[in-house]
Amino acid sequence: MDLTALFQSYRNLLFAIAYRLLGSANDSEDMVQDTFADGQQAGLRQCESLFM
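Just so we're aligned, residue 1 is where the sequence shown starts under full-length UniProt numbering, counting upward by one.
Source of the hints: derived by calculation from the structure; they are not laboratory data.
Ranges between beta-carbon positions, derived for each pair:
no. : residue 1 : residue 2 : range
1   : Gly23     : Asp2      : 26 to 36 Å
2   : Gln8      : Asp30     : 13 to 23 Å
3   : Leu13     : Gln40     : 14 to 24 Å
4   : Gly43     : Gly23     : 27 to 37 Å
Ideal placement from N, C-alpha and C gives every residue a C-beta, glycine not left out.
Construct the entire structure; sequences and hints are all you get.
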């Protein structure tokens with residue numbers, strides 16, 4: 001699974017979790033984007049294992 005597919009599959013779940021923790025839609029969106037940016041830098045294999 002490529003990073004785009006992972007993003008599409010898990011974005012809503014990660015956003016919901018972040019929103020519960022942060023209480024801000026803007027901060028939650030930033031956190032989701034940062035999570036995937038960090039995953040991309042770490043490598044797809046490591047990123048994919050975080051979500052499965």
